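Trainee: Sequence:
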Amino acid sequence: MLVAKKGKMDQWIDWMQRTVSEYYVYSQILYKQAKDVEVLKDFFSQKLQKTKYKLEMVTNEKEDLLAKQEAEDGIKEYLAKKMQELNMKNVEKTHELVLVKQHLSEANLEIKEIKDDYEKKIHN
1 MLVAKKGKMD
11 QWIDWMQRTV
21 SEYYVYSQIL
31 YKQAKDVEVL
41 KDFFSQKLQK
51 TKYKLEMVTN
61 EKEDLLAKQE
71 AEDGIKEYLA
81 KKMQELNMKN
91 VEKTHELVLV
101 KQHLSEANLE
111 IKEIKDDYEK
121 KIHN
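According to the numbering used here, the residues represented by the sequence shown are 1 to 124, in order.
Please note that the accuracy of each hint is not assured.
As the list claims (entries may be wrong) - Dumping the calculated DSS-like pairs for lysine-lysine here, alpha-carbon to alpha-carbon at most 27 Å: (1) LYS8 x LYS32; (2) LYS82 x LYS68; (3) LYS62 x LYS47; (4) LYS101 x LYS89; (5) LYS82 x LYS93; (6) LYS47 x LYS68; (7) LYS62 x LYS76; (8) LYS101 x LYS115; (9) LYS35 x LYS47; (10) LYS41 x LYS52; (11) LYS62 x LYS41; (12) LYS68 x LYS54; (13) LYS76 x LYS93.
To be verified - Ranges of calculated distance between the beta carbons of each label pair, as one might list FRET restraints: (14) LEU66 x GLN102: 52 to 58 Å; (15) HIS103 x GLU70: 45 to 51 Å; (16) LYS68 x LEU40: 37 to 43 Å; (17) LEU40 x GLU61: 29 to 35 Å; (18) LYS82 x ILE122: 55 to 61 Å; (19) GLU119 x VAL98: 28 to 34 Å; (20) ILE29 x LYS68: 55 to 61 Å; (21) LYS112 x ASN90: 29 to 35 Å; (22) ASP36 x ASP64: 40 to 46 Å.
Worth flagging that the hints you see were computed from the coordinates, not collected in a lab.
Computed from a predicted structure; not experimentally measured.
For each residue, glycine too, the CB sits at the ideal point set by N, CA and C.
Generate the whole structure from the sequences, applying the supplied hints.
Mentor: Next up, the structure:
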């Protein structure tokens with residue numbers, strides 16, 4: 001009976017040795033994978049920080065461009081108003097010029113009539 005129990009005891013010891021060996025191998029694999037995961041975590045953490053920095057830079061640039069666009073829109077609006085004022089002045093001055101030309105034409109006609117009358121009087 002001791003021999004039968006010794007055989008079972010040997011089987012149990014073999015089983016325990018295999019099990020402990022398997023757990024050791026699996027724990028080594030898990031340890032290596034954990035290190036790999038840690039490296040990946042650091043890599044992605046750095047990538048995330050760079051991406052956050054780039055996003056912040058782009059956001060700041062966007063805000064600067066929006067401010068510049070608002071300023072340019074203000075200038076554009078000012079220039080549009082100024083151009084409208086100048087167009088109105090141009091219309092007024094053109095109208096005045098037409099009136100002056102009309103008066104000048106009328107004056108030339110009067111001068112011509114006076115000249116013709118004078119020449120008629122001199123020749124008669």
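Trainee: State for each hint whether it applies.
Mentor: Status of each hint after checking the structure:
1. The suggested pairing of LYS8 with LYS32 is violated, with an alpha-carbon distance near 36 Å, which exceeds 27 Å.
2. For the proposed pair LYS82 and LYS68, the alpha carbon gap of about 21 Å is at most 27 Å, so the pair holds.
3. Distance hint between LYS62 and LYS47 is fulfilled; the C-alpha atoms sit about 22 Å from each other, no more than 27 Å.
4. A C-alpha spacing of about 18 Å is found between LYS101 and LYS89, which places the hinted pair at or below 27 Å, so the restraint holds.
5. Proposed proximity of LYS82 and LYS93 is supported: the alpha carbons are some 16 Å apart, at most 27 Å.
6. Pair hint LYS47 plus LYS68 does not hold up; C-alpha atoms about 31 Å apart against a cutoff of 27 Å.
7. Taking the CA atoms of LYS62 and LYS76, the gap is about 20 Å. The hint holds against a cut of 27 Å.
8. Annotation: proposed proximity of LYS101 to LYS115 holds, straight-line Cα distance about 20 Å (limit 27 Å).
9. As the CA atoms of LYS35 and LYS47 are separated by approximately 18 Å, the hinted pair is consistent with the 27 Å bound.
10. Note on LYS41 and LYS52: the hinted pairing holds, with a Cα-Cα distance of about 16 Å set against a maximum of 27 Å.
11. At roughly 31 Å between alpha-carbon atoms, LYS62 and LYS41 are farther apart than 27 Å, so this suggested pair is violated.
12. Restraint check: the Cα-Cα separation between LYS68 and LYS54 comes to about 21 Å, which is no more than 27 Å; the hinted pair holds.
13. For a cut-off of 27 Å, the pair hint linking LYS76 to LYS93 stands: about 25 Å separates their Cα positions.
14. Under the hint 52 to 58 Å, the C-beta atoms of LEU66 and GLN102, about 53 Å apart, fit the expected range.
15. Checking the proposed 45 to 51 Å range against HIS103 and GLU70 shows it holds: the Cβ atoms sit about 49 Å from each other.
16. At about 41 Å, the CB distance of LYS68 to LEU40 agrees with the hint of 37 to 43 Å.
17. Between LEU40 and GLU61 the beta carbons are some 31 Å apart, a value that agrees with the proposed interval 29 to 35 Å.
18. At roughly 58 Å, the beta carbons of LYS82 and ILE122 sit within the given window of 55 to 61 Å.
19. Taken as a hint, the range 28 to 34 Å holds for the pair GLU119 and VAL98, whose Cβ atoms sit roughly 31 Å apart.
20. Remark: the range hint 55 to 61 Å for ILE29 to LYS68 is upheld by a beta-carbon distance near 57 Å.
21. Between LYS112 and ASN90 the Cβ separation comes to about 32 Å, which falls inside the hinted range of 29 to 35 Å.
22. Between ASP36 and ASP64 the beta carbons are some 42 Å apart, a value that agrees with the proposed interval 40 to 46 Å.
Figure legend: structure checked against the earlier numbered hints; hints not met, in rising order: 1, 6 and 11.
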